[in-house]
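Engineer: Sequence:
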Amino acid sequence: MKKKNKNSGWCIIIYGYAGAGKSEISMKIKKDLEKMIGKTIVLDGDEVRSFFSKIGLKFGYTKKARNKTVIPKLELLNLILKKNINIIYPTIFLNKLAIQKWSKGIDNLIKVHIKTDIKKIITFGARKKFYETTKDIVGINIKPVFPGKPQITVENDFKKGINSLSKKVLSKLSAILKYN
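Here the working numbering is used: the first residue of the sequence shown is 215, the next is one more, and so on.
Don't read these hints as lab results, they were simulated from the structure. There could be a bad hint or two in this list.
Stated by the list, open to error - Derived CB-CB ranges, DEER-like:
id	residue 1	residue 2	range
1	Glu346	Lys315	12 to 20 Å
2	Val359	Asn221	17 to 25 Å
3	Leu290	Gly362	23 to 31 Å
4	Asp350	Glu289	17 to 25 Å
5	Asn298	Lys392	16 to 24 Å
6	Glu369	Ala279	35 to 43 Å
7	Leu290	Lys220	28 to 36 Å
8	Lys253	Ala279	13 to 21 Å
9	Asp246	Asp350	15 to 23 Å
10	Lys297	Gly270	18 to 26 Å
11	Lys245	Ile390	12 to 20 Å
12	Ser264	Ser385	29 to 37 Å
13	Glu369	Leu293	28 to 36 Å
14	Asn221	Ile390	26 to 34 Å
To be verified - Only pairs whose alpha carbons sit at most 27 Å apart, straight line, appear in this in silico BS3-like list of lysine-lysine:
id	residue 1	residue 2
15	Lys382	Lys218
16	Lys334	Lys218
17	Lys244	Lys277
18	Lys334	Lys220
19	Lys310	Lys386
20	Lys297	Lys216
21	Lys277	Lys217
22	Lys268	Lys220
23	Lys381	Lys249
24	Lys218	Lys244
25	Lys349	Lys253
26	Lys249	Lys216
27	Lys296	Lys253
28	Lys392	Lys244
29	Lys278	Lys349
30	Lys373	Lys297
31	Lys363	Lys374
32	Lys315	Lys268
In this text, a Cβ means the ideal position worked out from N, Cα and C, and glycines have one as well.
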């Protein structure tokens, strides 16, 4: 896959349900990915929410509130990408407006879907308390909207460890990025 804009970094959105392993995979692949494509940061979705909260933009978790985060997050991502810094962005991303705006508004975008069964996430226990005590959860109370064609899909059935999943994601990213 060739860059659409050579003066901009890659934005690798690793998306899926809460508890799918997105953040862990992102942290595990960062160092190797940085060797391949240059300066790379992991910009975690929860950290981005915290940042916006500190500057007075408090976003909730309802579908409507999630839609309000789309443009500010897009602007933040592009601010960093324009410095030719690559971003690994683990986020839920199962939102129609985000998919539309980010797919059009980010030049060098790679979408990685960590596919999981939400019932297995809860059974596995990784985020069991979160799912039992939180309202407005994508996949439970909010219907998810999946991007049409992610470049990479990796299934997390919780039978393989996070290291194995990370290697699989990195291998698939390597194949996509090898011509840059």
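Engineer: Take the hints in turn and mark each one as holding or not.
Structural biologist: Each hint tested on the structure:
1. For the pair glutamate 346 and lysine 315, the supplied restraint of 12 to 20 Å is violated, since their beta-carbon distance comes to about 32 Å.
2. Between valine 359 and asparagine 221 the beta carbons are some 31 Å apart, a value that contradicts the proposed interval 17 to 25 Å.
3. A beta carbon spacing of about 24 Å between leucine 290 and glycine 362 agrees with the range 23 to 31 Å that was offered as a hint.
4. Here the CB-CB span from aspartate 350 to glutamate 289 is close to 24 Å, well matched to the stated 17 to 25 Å.
5. For the pair asparagine 298 and lysine 392, the beta carbons lie near 19 Å from each other, so the given range of 16 to 24 Å is met.
6. Evaluation of the 35 to 43 Å hint for glutamate 369 and alanine 279 yields a failure: the beta carbon distance comes to about 30 Å.
7. For the pair leucine 290 and lysine 220, the supplied restraint of 28 to 36 Å is violated, since their beta-carbon distance comes to about 21 Å.
8. Look at lysine 253 against alanine 279: about 32 Å separates their beta carbons, and that is not inside 13 to 21 Å.
9. For aspartate 246 paired with aspartate 350, a C-beta distance near 35 Å fails the hint of 15 to 23 Å.
10. Separated by about 24 Å at the C-beta atoms, lysine 297 and glycine 270 satisfy the suggested range of 18 to 26 Å.
11. Between lysine 245 and isoleucine 390, the C-beta spacing of about 18 Å keeps the proposed range 12 to 20 Å intact.
12. Taking 29 to 37 Å as the suggested C-beta distance range, the pair serine 264 and serine 385 conforms, at roughly 32 Å.
13. A C-beta distance of roughly 33 Å is found between glutamate 369 and leucine 293, which places it inside the suggested range of 28 to 36 Å.
14. For asparagine 221 paired with isoleucine 390, a C-beta distance near 20 Å fails the hint of 26 to 34 Å.
15. Of the supplied pair hints, the one linking lysine 382 and lysine 218 holds, its CA atoms being roughly 25 Å apart against a limit of 27 Å.
16. The hinted pair formed by lysine 334 and lysine 218 fails the criterion: a straight-line CA distance of about 37 Å is larger than 27 Å.
17. This hinted pair does not check out: lysine 244 and lysine 277 have alpha carbons roughly 30 Å apart, beyond 27 Å.
18. Distance check on the hinted pair: lysine 334 and lysine 220 sit about 40 Å apart at the alpha-carbon level, beyond 27 Å; violated.
19. Proposed proximity of lysine 310 and lysine 386 is supported: the alpha carbons are some 25 Å apart, at most 27 Å.
20. Distance check on the hinted pair: lysine 297 and lysine 216 sit about 18 Å apart at the alpha-carbon level, within 27 Å; holds.
21. Between lysine 277 and lysine 217 the alpha-carbon distance is near 32 Å, which puts this suggested pair outside the 27 Å criterion.
22. Our distance criterion of 27 Å between C-alpha atoms is broken by lysine 268 and lysine 220, whose separation comes to about 33 Å.
23. In summary, the hint linking lysine 381 to lysine 249 is supported, as the alpha carbons are separated by about 15 Å, within the 27 Å threshold.
24. Between lysine 218 and lysine 244 the CA atoms are separated by roughly 22 Å; this keeps the pair inside 27 Å, and the hint holds.
25. Restraint check for lysine 349 and lysine 253: the C-alpha separation of about 37 Å exceeds 27 Å, so the hint is violated.
26. A C-alpha spacing of about 18 Å is found between lysine 249 and lysine 216, which places the hinted pair at or below 27 Å, so the restraint holds.
27. For the suggested pair lysine 296 and lysine 253, the alpha carbons sit about 13 Å apart, so the restraint of at most 27 Å is met.
28. Distance check on the hinted pair: lysine 392 and lysine 244 sit about 16 Å apart at the alpha-carbon level, within 27 Å; holds.
29. With a C-alpha separation of about 14 Å, the suggested pairing of lysine 278 with lysine 349 holds against the 27 Å cut-off.
30. Distance restraint check for lysine 373 and lysine 297: the Cα-Cα separation of roughly 39 Å exceeds the 27 Å cut-off, and the hinted pair is therefore not satisfied.
31. Our distance criterion of 27 Å between C-alpha atoms is met by lysine 363 and lysine 374, whose separation comes to about 24 Å.
32. Of the supplied pair hints, the one linking lysine 315 and lysine 268 holds, its CA atoms being roughly 24 Å apart against a limit of 27 Å.
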